[in-house]
Amino acid sequence: MTNSKKPQTKGGLTRRSVLGLGGIGAGAVALGVGNYYANKYAPVINTYLGQKSYEVKDGGAGAEDSVYFKASYSSESERLAADASIAKEVAQEGFVLLKNDGALPMAEGRVTLLGVSSADILYGGGGSGAVDSSTAPTLKSALEASGFEVNPTMWSFYTEGAGSSIRMDVADIAGTGRYVIHEASPDLFTDTETASLGDYSDAAIVVFARSGSESSDVPRTYDESYLQDVDIKGYTGTVHSSRLDSDDDLGRHYLELTSNEEALLEYASQHFGRVIVLINSGNAMELSFLDSSRFNVDACLWIGNPGQDGLYAVGDILTGAVNPSGKTVDTYARNSLSAPSLMNFGSNIIAGTDNAPFVVYQEGIYVGYKYYETRYEDCVLGQGNADSAVGASGSADKWSYGSEVQFPFGFGLSYTSFEQVLSGSAQKDDTVTLTVKVTNTGSLAGKDVVEVYGQSPYTDYDRANGVEKAAVQLVGLAKTDELAPGQSQTLEVAVSLASLKSYDEGGKGTYIFEAGDYYLAIGTDVHDALNNILAAKGASGMDAESDARKAVKLSLGESSDYATSPYTGAAVQNQFEDADMRSYDASFTYLTRSDWEASYPTTYAFTATDEVLQALAVQEGQDDPSAVMPTTGAQNDLTLAMLREVDADDPAWDDLLDQLTPEEMYNLVRVGGYQTQAVNSVGAPATVCVDGPAYVGNAGTTGVNTVEKTYAWCSEVVISSTWNPACAKAMGEQIGEDCLAQGDLNFAGWYAPSMNIHRTPFSGRNFEYYSEDGFLSGQFGAATVAGARSKGVMTFVKHFALNDQETSRTTIATLSNEQAIREIYLAAFEPSISGGDEGTLGIMLSMNRVGLVWSGDNKGLTTNVVRGEWGFKGAIITDQASYPQAFPLLAIRAGLAGGTDMWLNSGTDNWQIDGYASNPTVMTQLRQASKHILYAVSRSLAMNGISSTAKVVSVMAPWQMALTGIDVAAAVGAAAGIYAIVRGAKRRKAEAAEDEESSDSSTSK
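Numbering-wise, the sequence shown is residues 1 to 1005 according to our numbering.
Source of the hints: derived by calculation from the structure; they are not laboratory data.
All C-beta atoms, glycine included, are put in the ideal place defined by N, C-alpha and C.
Each hint should be verified, as a subset may be incorrect.
Unchecked claim - In the DSBU-like style, the derived pairs of lysine-lysine whose C-alpha atoms are separated by at most 35 Å in a straight line are:
hint, residue 1, residue 2
1, Lys501, Lys479
2, Lys501, Lys398
3, Lys99, Lys553
4, Lys537, Lys99
5, Lys553, Lys428
6, Lys479, Lys553
7, Lys428, Lys729
8, Lys70, Lys931
9, Lys859, Lys501
Stated by the list, open to error - Pair ranges (Cβ atoms, derived):
hint, residue 1, residue 2, range
10, Thr431, Gly251, 47 to 53 Å
11, Ser246, Ser74, 53 to 59 Å
12, Thr564, Ser74, 44 to 50 Å
13, Glu419, Thr568, 39 to 45 Å
14, Thr238, Glu419, 55 to 61 Å
15, Glu991, Thr238, 56 to 62 Å
16, Ser156, Ala38, 44 to 50 Å
Let's have the full structure, built from the sequences with the hints guiding it.
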């Protein structure tokens, strides 16, 4: 007889049973963790999947039209075609012809593309400024669309051959990695490539590209660390970066040519009679090579980051089908390191701290052309030690404008010529209107730009009180229609004299408008305009022809103050003394034109005092003992739709806010990442907020699902280079159309436009910002906002404020004097934020400190200026806040006290406030923040389809229902499994007992 072997049991449980129970337990834990994170990030999951967790139910039969913002297009294809058409016009007007020695325009011909970047165009920037380029043309196909034939052998070299594996290195969105230019040396060209040139010799088109992204700036020098390959682990994984192509590149910087690029350009000049350079960069490159006889470049066209369809403009411009009319928005220095701002840029550490970084804007207001042109005027007038060697490039024994500046701000060539005549000026109140007649005196049709600049008197009072005056500043602009040869157009440019006021922080503590002679002038660029002003002043010794007739003098007999806000009537007074380095070092000096030599910046060493250390600590909010608990949960029968056109100061808003529950306010404020939450008690819908100034399709590091396709625009620096704000407004309108096309997904928020300043050429996000000039940035930002707002989009202008570099941006202390803060950096934001019904509904804060505290904690900035002086009614949101451990400065209690309304946070358990519902201070702050958010939503396209009687109710999003189904199925499965295991265990236990009993019985027999 054979005994069958039975599994070993313990209490009836086999090993398999134990493993089964363990598996069920592990599955339950995994499912629980999955549920936790799904619920934690439910808002962002909704955004990504394009699903909603609420429904709108109309409670009445009213006849009102609740489609408040209507789309202009009846189909996706029609809208995308309009996007493409307007974007091509922007590129045609925004690309800048920097050089032309008669090589252009040219007939359609057979051309050769050179440079690895010719096959790898940078359509946008990196980070939130990235765009979907999947449908964009290659440079080859774009040129072919304009009638060119492109050398296929060289194209294959760069796309399939030896050049295909050579590409530039860039940092990722978190700043991990390096920016290193790699170019295919001509030594890699075989006889096959060389032989192909003869058949495609009408022109060599050489492309040089420079990238940029958020979280890191581009290198100011290639030091010895760049002689090694590196692999760096970061947020998005391991990033590889190869060493420099040549040891000869050691000591060069990112914005100048590498030795391989120089060799390629020299190769082009040796093999072609016509060499055209395309500059594919949002940063102002160092372009001195254009003047070198070694390279013999015939023409140069700057194209920035062209977006989805901008490349089609390249061929049209080369052939003359389109006459270029773009102008530079930055000064192109012969030495990119020559600006005084470069003396304090990047990350320096405050001594005596735990590696706390800082940057000080020691150059004050002298940023970009305001430095170069002001120093030039002082050289001409022989004042302020302007021609001393300090700040001069190389080993020059004196400073000279011609040695420092290659292309002035506002410079751009055309294929035709224009004459501008200042035919009149008229003043009414605080506005002067210049009448300018523009005539096309050449042989080709084209557009021209009227640039108006102003000069304020630099007085003894200014010298005594530290008030700085730039020699020239942009105060107005206008662009003509396309003018045929011989055709004229008369333009009127209104100039607000308020644009010539100066901030006097050390004297009167407000804006001043001093007695003296003021000048307004037109010019082909800023330098030409300044020479015209100097001619009107009777000066001599200018470096070019000048025309006093193109300037007008305005004499002011008495000084006056601009001490009250024109928007609110509030007093305008100092708000940023705590951001001024002189508050921590009384001996510190800013650059002054009264003595360029003695005050020229040096790299500053900052040592912490106890006061500094205390200010650098993460701020904590304080309870107000006088705070009164606000009313919540009232039944006032109001809905947000009823207040859609009600002014923010109307008492009805208080009645509406009384209906909110503590939990609704708490979640609305804390969890505002890429969306705003629905608020059932007042019928407020949820919204989706997309990131990126050039594309409706980003949400953090992911895309978002869209009902219809959206469009990838060129970078902001291309739009501003049109010098045509109408282009920016049209772009804003089309962004709105892309949002409207997503229907009831409510793409109502747009984290854009970006309005920081090109303080130096080396900022990683210069492509994403408009200009080095605050006035120009403000005009284009406001136009973009107005266009988007007209379609119901809540813009969030960013990054407010002083986020003018990426290095250490999450913690860096940014220090400057108040005059520079207001006149340069806030000036870019003011027109949009103070714009009333055409202005922005949102502001995104910067991550950096303004002074020693985070921007959102800085009440002078976020409350006193924004709301007190500028009258802003909308919502103020943080930058990325989903990772509190990474961004500790964004602490919620201090931010609420400073004036921050919403945290760009996707985690439902982040930024908790213990006992919030019973704290009168916190509840009052949450109520005020909720009002600002709801006010913005009430003016947005999210209200489409919501009548005054509609109700908003919570529902489960489809993915949540699916997850619930999975949970239920898993629970049933687990229960069945446990039941089977337990039942089996009982059966085996019973069988074991029977066997034992049987065995005992046998033994007893």
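Original post:
What hints, given by number in increasing order, does this structure fail?
Top reply: Hints that this structure does not satisfy do not exist here, as all of them hold.
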